[in-house]
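Asks: Residue-level listing of the chains:
Protein chains: 2
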Amino acid sequence: MADFFRDKEAKLRPHTKTHKCPEIAHRQLRAGAKGITCAKLGEAEVMAGNGIRDILIANEVVGRMKIERLLKLEAICDVTVAIDDASNAQMISEMASADGRRVDVVLEVDVGMGRCGVRPSEALSFARKVRGMGGLAIKGIMGYEGHAVMIRDFEERRGECTRALKLLLDAKSAIEGEGIRVEVVSAGGTGTYNITGSYPGVTEVQAGSYATMDARYKGIVPDFDCAIGILTSVISRPMPERAVVDAGMKSATMEFGLPIVKGMAGVELMKLNEEHGIIKLGEGAKLSPGDKIELTPTHGCTTMNLHDRVYAIRDGRVESVWEIAARGKST
Amino acid sequence: MADFFRDKEAKLRPHTKTHKCPEIAHRQLRAGAKGITCAKLGEAEVMAGNGIRDILIANEVVGRMKIERLLKLEAICDVTVAIDDASNAQMISEMASADGRRVDVVLEVDVGMGRCGVRPSEALSFARKVRGMGGLAIKGIMGYEGHAVMIRDFEERRGECTRALKLLLDAKSAIEGEGIRVEVVSAGGTGTYNITGSYPGVTEVQAGSYATMDARYKGIVPDFDCAIGILTSVISRPMPERAVVDAGMKSATMEFGLPIVKGMAGVELMKLNEEHGIIKLGEGAKLSPGDKIELTPTHGCTTMNLHDRVYAIRDGRVESVWEIAARGKST
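From first to last, the protein sequence lines are chains V and U.
Counting from 1, one number per residue, gives the positions in the first sequence under the numbering used here.
Counting from 1, one number per residue, gives the positions in the second sequence under the numbering used here.
Incorrect hints may appear among the rest.
One copy or any two copies: either way a pair holds, since identical chains are not told apart in the list.
Straight-line distance between alpha carbons at most 27 Å, and here's what the computed DSS-like set of lysine-lysine pairs gives [said to hold, decoys possible]:
hint, residue 1, residue 2
1, Lys218, Lys280
2, Lys129, Lys271
3, Lys34, Lys280
4, Lys129, Lys286
The set of hints was computed from the structure by calculation and includes no laboratory data.
When you get a sec, could you build the whole thing from the sequences and use the hints?
Replies: Quick look at the structure:
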C-alpha cells in the first residue's frame, strides 16, 4: 500500500480501527504514511499515548465530557476531528476558546453511504456556519464512499466511487469559492484505494483493512494477502467425522460468514458456538485433541478487537508480540 | 436463581463465561452458589486469581502447555476439568503424577447436543479406561443439554431436556454399577434451570445467562429480567429520520439479531456497522448529537466479552464499577 502511494498526490493515512495496535501503526508511518485515522476518541488516545502525533478522528466527537478529552488530546498531538452539526461545532468552539486552544476540523459530507455527514448540497452552508467560530480551524472536508468499497465488480466499483468523489470535490470547489481554504480532502478505503488514491484533488486515503485483510475482503481486493489467522486447538474428537476446537464467537466474529480453515484438505468449519468451533472432517482427514488449526477470519477488524495481542510470525517463528492496545476503545 | 436452588438437591454452579467478571461471581457465591463453572482455562485462572476456590472447567484442557497451567491452577484451588478422550486423560494423568498432584475430572457425555463428549453408550467403557489412571480422580459426569435450552415451547423443552438427562443418569447408573462412585452429575443452562434443577440425581446446574440475560433469552425464559444495557451516544443527526450512535459491532454482538433500543418510542436500530449504529426515527422522535440511547443486547455473553468493565447502576446512579477481568480469555 505504501508503494502505491509513493508517487501519488494523495497520501496514505491508514485507519487503525482495523488493527488497534500501536506497533502496526508505527510501522505504517515508517513505511511512508502521513499520519493515522482513528474511528474513536478512545482509540486516538491510545495511539497518541504510544507516540503517534498526527491523528484524524474520522467521526464526530460529541458532548462536554468527550470534548474535554479531545482538548487534552489536542494538547499532546495534532488531532483533527470530523464535524457535521453546527451545535456540536459550537460546543467544541466554545470549549476550545475557553481553554485557549484551536481544534482542527474536517467537515464530513455524506457522499452516498447514508451514515454521518451533511448532504453535499449543504456543505457550503455548513462551512459558512463554522468559519466564524473561534477555536476551530477548518482544515478541509471528508467523505467516505463506504457504499462503494465492497462492490465486487471493479468497473462498477470505480463508477460508484467516482460518482461519490465528484460530490466531494464539487463541495470542495463550492467552499473554496467562498474563500475558505480546503487543504484536506480525505476519503477512501481498502476497496477503493487505487481509485480514490488516484482521483485528482483527494489529498489523503483512509484505507485500513489492507494491513490485516480477511477472507471476505480478499475476494474483492486480491492485491493484498491475508496477514491474520487464529490458531486454535482441537479439544475433542468425539466422532470420526467431528472435531471441536476452542475458538468460538469470542475468538472470531462471523457477521460476514464463518472463518475459513487454512490449508487443510477435508477440514471444514461448520459452526461457531460461543466458545467452540465445530469442525467437519472429510474422508482421511486426521485430527486429534491437541492438534492446531488456523482459521482465517472473514472480518479482520472486529476479530482483532476480540484479542489482547497479536503474535507476529515470520517463517514459522514468533518474531514479536504486539499489544492490541486500543482494543475495546469503542467510544 | 439462588432462591430456586435453596431447597433443591441440585446446587447452582453458575457459568461465568456469561459475565467474565469476578465481582459478579463472588456475589453469586455469596447468594448460595456452590462454586463456579468456567468455559476455559484462562477464565478459570482469572477467577482463581480473584479468590474463587471451587471451579469446574466445563471443557477439555488439552496439550502439555495447557495441562501445565491446569496443574498450577490445581495448586491454588479446587479445580475439576472435563475429559472425553483417553489420550488426553492419559497425558493429564502422567503430568499430574509426575508433579505429585491429583486432578479431579468429570467425564463429559454427549447427551444430544453434538459437540464434545463421549456417546452415552460409551460412557462406561470410557470410565473403565480412566479409573486406573494415577493422578486422576473421577468426580462424576457432565452433560450439557444445549440443544434443549433454547426451545421456545416450555413443554417441548422439558421433553427434550428430560430425554437428555435420562441418558446422563443412565450413564451414571452404568458407571456406578461398576463400583465407580459418581458424586457429581453436572448439567443445565438458564433455559432448563427449573427442569434440570429438579431432576432427580442431578447434583449441580451450570446456568450462566440468567445473571445478565439478553433480549433473546428473555423471550424464552421470562423469569429473569435483562440486567445489561449498552449506553451509547448519538454522534450525528444528519436527517430528520436518521441518527447515528457510536455503538457498532465492536460494542454489541449481533449473531442473534440486532440489539433493541430500550424504552424510546419511535426510535429503532436499523443496522450495526463496525463502529456505528444506524437509528431510524419515527414521527415526533427527537434526538440530537450528545443524547444517549440504551441498547439491550441480543446475546449477553458475547457482548460482555467486548467490554473491559461494567458499570453497576441502582436507581439511576452508578454504584460500582466492576472489571470484566476474564474478558478475552478464550483459551
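Asks: Just pull the numbers of the violated hints for me, sorted ascending.
Replies: 2 and 3
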